[in-house]
Structure formats: structure tokens, C-alpha cells
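There are 2 protein chains.
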Amino acid sequence: MASTPPESSYAILGLIDKLPSSSGHELAAAADRSFAHFWPISRTLLYRELNRLATLKWVTSTRVEQTRLPSKWTYRITDDGERALAAWLSGPVTNAGSYRNDVLLRFFFAHRLSATEVHALLEDYRKRLLAQRDELAALTDKLGSIYTPAARMGRISALHGLRTAEARLGWVEEARAELSDDNTR
Amino acid sequence: MASTPPESSYAILGLIDKLPSSSGHELAAAADRSFAHFWPISRTLLYRELNRLATLKWVTSTRVEQTRLPSKWTYRITDDGERALAAWLSGPVTNAGSYRNDVLLRFFFAHRLSATEVHALLEDYRKRLLAQRDELAALTDKLGSIYTPAARMGRISALHGLRTAEARLGWVEEARAELSDDNTR
DNA sequence: GTTCCCATGTAACCCGTTACATGATTTT
DNA sequence: AAAATCATGTAACGGGTTACATGGGAAC
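Just so you know, the protein sequences line up as chains B and S, in that order. Under my numbering, think of the first position of the first sequence as 1, with each following residue one higher. Under my numbering, think of the first position of the second sequence as 1, with each following residue one higher.
Derived from the structure by calculation, the hints contain no laboratory data. Check before you lean on any hint, since a few could be wrong.
Pairs involving identical chains hold if they fit within one copy or between any two copies, as the list cannot separate such chains.
[Stated by the list, open to error] Derived DMTMM-like pairs (lysine to aspartate or glutamate); straight-line CA-CA distance at most 20 Å:
{"id": "1", "residue 1": "72", "residue 2": "26"}
{"id": "2", "residue 1": "127", "residue 2": "174"}
{"id": "3", "residue 1": "142", "residue 2": "174"}
{"id": "4", "residue 1": "127", "residue 2": "117"}
{"id": "5", "residue 1": "142", "residue 2": "166"}
{"id": "6", "residue 1": "142", "residue 2": "32"}
{"id": "7", "residue 1": "142", "residue 2": "178"}
{"id": "8", "residue 1": "18", "residue 2": "117"}
{"id": "9", "residue 1": "57", "residue 2": "7"}
{"id": "10", "residue 1": "57", "residue 2": "82"}
Construct the complete structure from the given sequences, taking the supplied hints into account.
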């Protein structure tokens with residue numbers, strides 16, 4: 001009774017499907033370029049998942065010798081893998097919504113902080129959000145000029161993060177306004 | 001060289017500071033009521049963290065016998081605990097921003113799905129977001145009528161989730177619009 | 001001559017989750 | 001008679017992270 005693999009397995013499987021005959025190294029780079037902003041995959045995890053996919057026979061691995069570069073493994077999706085990918089894609093979404101935010105956690109206990117410290121906390125958050133927003137805006141722009149279905153999906157995904165960051169930047173202003181009228185009451 | 005405890009330890013520590021002489025059970029209920037929407041704590045984790053806090057001597061635990069209810073442990077923050085809490089609060093934020101979204105992950109590989117399936121995916125997401133938004137709107141409203149500093153912070157925290165949900169609902173519409181003009185090109 | 005890129009891993013850790021256990025009392 | 005509340009746990013698992021290892025070739 002093999003339990004279902006984690007979502008990250010399917011993330012990698014989907015990448016292999018998209019980019020056949022890639023090496024782990026290339027897949028890692030592709031993951032960083034494409035979905036890292038909503039589904040980060042560390043190097044170690046990547047290689048572990050490649051192993052899992054191979055033992056599940058969802059992918060095949062081939063050794064490729066190179067002359068001036070180190071030898072590498074390349075991966076291709078199998079029929080079983082394609083079925084698994086399709087089933088996962090149309091299957092139920094498991095944990096949409098769970099997320100943790102340690103800025104909010106600190107903010108929640110901010111009655112123990114001075115006004116300046118609360119301000120610093122919000123300002124730090126704002127800076128992070130700004131950086132995030134700019135990054136995603138740049139990505140959206142870049143993908144906007146590429147006319148492939150993959151780029152289109154990538155762009156819309158990036159838009160999700162962009163809209164989220166924008167909304168949260170708005171929240172920072174809202175929070176500041178709320179906190180500044182502590183004269184009322 | 002004791003490594004720093006996880007963020008959840010401080011979440012519990014902060015709660016004990018706010019609600020002295022509470023039992024684990026009461027703290028769990030308080031956590032569910034207050035910051036569960038951005039920092040969920042499972043029952044098991046709660047009790048584990050209470051243990052950790054006690055061995056760190058950041059809290060003291062006292063056994064309280066009850067006549068018609070089971071005996072319980074109650075917790076109080078120590079001076080060491082207060083110092084640790086203050087240091088954490090004004091210390092650097094560690095992982096603001098990391099979050100995973102499995103709807104987006106599926107969406108990213110949606111070229112393998114039919115238009116109807118993509119639509120179903122988005123619709124499912126929309127429903128979750130709507131439920132989330134309504135829940136947070138209700139919470140914001142409820143806290144808006146309580147005039148304590150704690151309630152105020154709770155309300156602003158809830159607002160963060162509310163704004164996020166609203167923005168993402170907007171994104172769903174955006175995504176739909178983008179996907180429907182596949183006649184262009 | 002140091003640093004970056006290619007390329008693939010191992011070891012260890014730990015936070016968080018799920019499932020299960022117990023047992024009295026009060027409410028429906 | 002069943003279900004909810006109070007109250008506190010244990011056991012087992014696993015996904016993800018961080019740190020470390022290796023080793024050649026190319027670039028600055």
C-alpha cells in the first residue's frame with residue numbers, strides 16, 4: 001500500500017515531462033527559473049525526488065557521458081508517469097491555503113514592543129514585499145513577451161504572487177494608519 | 001550550544017505571556033481562536049512546545065487539581081522567558097515569504113489539462129478563497145467591536161489574510177480572462 | 001590562483017502531521 | 001445511550017532544510 005508521493009514529486013515529474021532528457025542539474029535550474037516562487041525545491045530534495053520517481057518507474061534514467069563536462073543522468077517520463085501526472089493534475093487539491101507568516105506572528109504580540117519597533121517590523125516587511133513585487137513584475141513582463149503556452153501559464157502564475165504582494169503592501173499602509181490613530185481611545 | 005527553538009515555541013510563549021495560568025487545553029483553544037489562520041498549531045505540537053518551554057525554564061508549570069474535571073497543568077512565563085520573548089520579538093524575521101501553493105503548482109502544468117479541467121481547478125480555488133474571505137471578514141468585524149489592544153492587533157492580523165484572499169479572488173478573474181482569449185494567437 | 005560552473009550526492013536533523021489512547025463528567 | 005467537553009499525552013512517520021563532500025574544467 002504505497003502512500004502517495006508528496007506534491008514535490010509531481011512538481012519534478014511535471015518538469016521532466018516538459019523538458020525531456022534533462023539532467024538533475026538542468027531541472028534544478030528550470031525549477032528555480034519557473035515555479036520556485038510558489039514551490040521552492042532545494043537541491044537535495046530534487047535529487048531525492050528523482051530517485052523516487054525512478055524507483056516508481058514514473059521516469060527512466062539514462063547515463064550520458066560527456067567529454068569536457070562531468071557525466072550526467074538524464075530523465076524521461078514513462079507511460080506510467082504520464083498516467084500518474086494526469087491523475088494528480090485532475091485530482092483534488094490537498095492543502096490549498098495553509099501558510100505561515102512570521103511577520104504576522106510577531107505583529108500579533110506587538111503589544112510587547114515599542115511603537116518604533118513595530119514600525120521597524122512593518123518597514124522590514126514592506127521592503128521584502130517591495131523586492132518580491134519588483135521581482136515578480138519583472139518576471140511577468142519578461143514572460144509577457146514570449147508567446148508559448150508554457151510562458152503564458154508561467155506569467156499567470158507569477159501574476160498570482162504579484163497581486164498578493166501588492167495587496168500586502170496595501171495592508172502595510174492600512175496597518176500603519178490603524179496604528180497611528182492610537183489617540184482615538 | 002542550544003540551537004534556537006522554532007517559531008512555534010515563541011507563539012506559545014507569547015500566548016502564555018498574554019494568558020497567564022492557562023492550561024494546555026485553554027492555550028490550544030486560544031491559539032485556534034486567535035492566530036490559527038496564519039500560524040496553525042496542532043494539539044500534539046502544542047504539548048511538545050509546552051514541554052520544551054518548561055525544560056528551557058522559560059515557563060513554570062503548576063499542577064492544579066480539580067474536583068469535577070481532570071487535573072491540569074498551568075503555565076506562567078518566567079523572567080528568562082520574558083527576555084527570550086522580547087529578544088525574539090525585536091530580532092530578525094527569518095523566513096517571511098516562503099509559502100507553497102498547490103493550486104498554482106497544478107495550474108503551472110495545466111497545458112496537460114482540458115479547458116474544462118482548468119476551469120474546475122480555478123473554480124475550486126475560488127470557492128476556497130471565498131470561504132476564507134468570509135471567515136476573515138467575519139473575524140475582522142467581530143474584533144472591530146472589541147476595544148482592547150489585543151483585539152486591535154488581532155483584527156489587523158486578520159485584515160492581512162482578508163486582503164490577501166481578496167487579491168487572489170481578483171487573480172482568479174484575471175486568470176479566467178487571460179485564458180478565455182486563446183483565440184488571440 | 002581563486003572563483004565560478006558543471007554534476008551529483010550523503011548525513012543529520014527536526015518541525016509538523018496523523019492516528020491512536022485514556023477516562024471522567026456533563027449535556028443531548 | 002450517545003456525544004461532546006475537559007485534559008494530556010505517545011508513536012510513528014516524512015518532507016524539507018542545512019551543512020558538507022568531491023572533482024574536473026573554464027574563466028577572470
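Among the hints numbered above, which are violated by the structure, and what are their numbers in rising order?
Failing hints: none at all.
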